[in-house]
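Novice: The listed protein sequences derive, respectively, from chains D and E.
This note's numbering numbers the first residue of the first sequence as 1 and each following residue consecutively.
This note's numbering numbers the first residue of the second sequence as 1 and each following residue consecutively.
Calculated directly from the structure, the hints in this document are not laboratory data.
Just so you know, these numbers come straight off a predicted model, no measurement behind them.
Accuracy of the hints is not assured; some may be wrong.
What the hints assert, rightly or not - For each label pair, taking beta carbons as the anchor points, the in silico distance ranges come out as:
no., chain 1, residue 1, chain 2, residue 2, range
1, D, GLU94, E, LEU112, 57 to 63 Å
2, E, ARG94, D, LEU7, 22 to 28 Å
3, E, GLY107, D, ARG90, 21 to 27 Å
4, D, SER132, E, GLN47, 19 to 25 Å
Backbone N, C-alpha and C fix where the C-beta goes; we use that ideal spot for every residue, glycine too.
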Amino acid sequence: MQSRKLLAFIPLLIFIGLGVFLWVGLSLDPRELPSRLAEERRPVPAFELPSLTELDKMLTPDDLKGEVALLNVWATWCPTCKEEHGFLNRLQREEGVTIYGINYKDEPAKAQEWLRRYYNPYQKVVLDIDGSLGLDMGVYGAPETYVLDKTGAVRYRHVGAVDAEVWKTLKQVMQQVEQEGAQ
Amino acid sequence: MRFWLLLALVWLPLTAQATIDAYEFSSEENEQRFHELTNVLRCPKCQNQNISDSDAPLAADLRREVYRMLEEGEANDGIIDFMVTRYGEFVLYRPKVNATTWLLWYGPFVLLAIGLIVVVLISRNRRRQQTAAPASGAEVNSAESSGRYQASAELSADESARLNKLLQQDSDQ
């Protein structure tokens, strides 16, 4: 008889379990995809592409090594990129963050004009006209911002604009990566 | 005027198709595989569409990659691996069976089995009750069918007094 009474509670337990499961699901963003690169700490995929600032110079993943840095994927056709550009400028000028850029599926002339007009926060900008580097990195929507460690491996990815709130997370990740490197 | 409108009506649906790229396939088999692959690969940008259906520039890029690899003689598994290493398992409309997708693949069957077990247990219980006490079961049935009369017979002295009072009240008016 005792066990029968306990059995009666099983539907309630199932209900609570399902409720918790679905409740957690509500707080997840289905548009956010995990980055294989960041999960497996893999290096930036191989590429050899021109620099936006010096078109006759070629850049490779080696150019992105040496410092814990941000790698920002941007384009002039992307309104959110314009939104975050001011913040990237501030990061570079006030916080001294090293920022590399990937100019993704864009027109070089427009991109150069953009950097002249809005100031250039990037130490180097890779010119990815046909989006092949973006494809290899799994870029699915500009802007995207990656954290790179000193060896040029990808450690974190953020999809969407970088603002003060996002920077808190990025800063934390960068500090953590920096400390790991110091050990 | 009417003719042109009609013609437009006939033509409009033809233009409203899924995206069409002008790819020249080296063999019919490749074309077949292209359609299969672009149907099972999901567009990372517009998440409820496969890459054959989506108009997003990213989907066009991915179709181009699928085409390129097909023509280079890559096997289906290789092409799917290429996509998964870039965009994760997310791009598969048929997720692979592994630790994280186990629940997705087998969960429904587990639930079905649980349901079956519950149904069997309940029906077995009922049968046992019926065979154990057939007489009492019959009694219950007769009580149910004559519920109305029984209820009136079960009135207590107090209640029947009250009922009589109420009935009288009614006839007084």
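Novice: It remains to establish, for every hint, whether it holds in the given structure.
Specialist: Each hint, compared with the structure:
1. Range check, GLU94 (chain D) to LEU112 (chain E): about 60 Å between beta-carbon atoms, so the 57 to 63 Å window is met.
2. Between ARG94 (chain E) and LEU7 (chain D) the C-beta distance comes to about 38 Å, which lies outside the given range of 22 to 28 Å.
3. Restraint check, GLY107 (chain E) to ARG90 (chain D): a C-beta distance of roughly 48 Å breaks the suggested window 21 to 27 Å.
4. Here the CB-CB span from SER132 (chain D) to GLN47 (chain E) is close to 23 Å, well matched to the stated 19 to 25 Å.
Taken one by one, the earlier hints fail for this structure at numbers 2 and 3, listed in ascending order.
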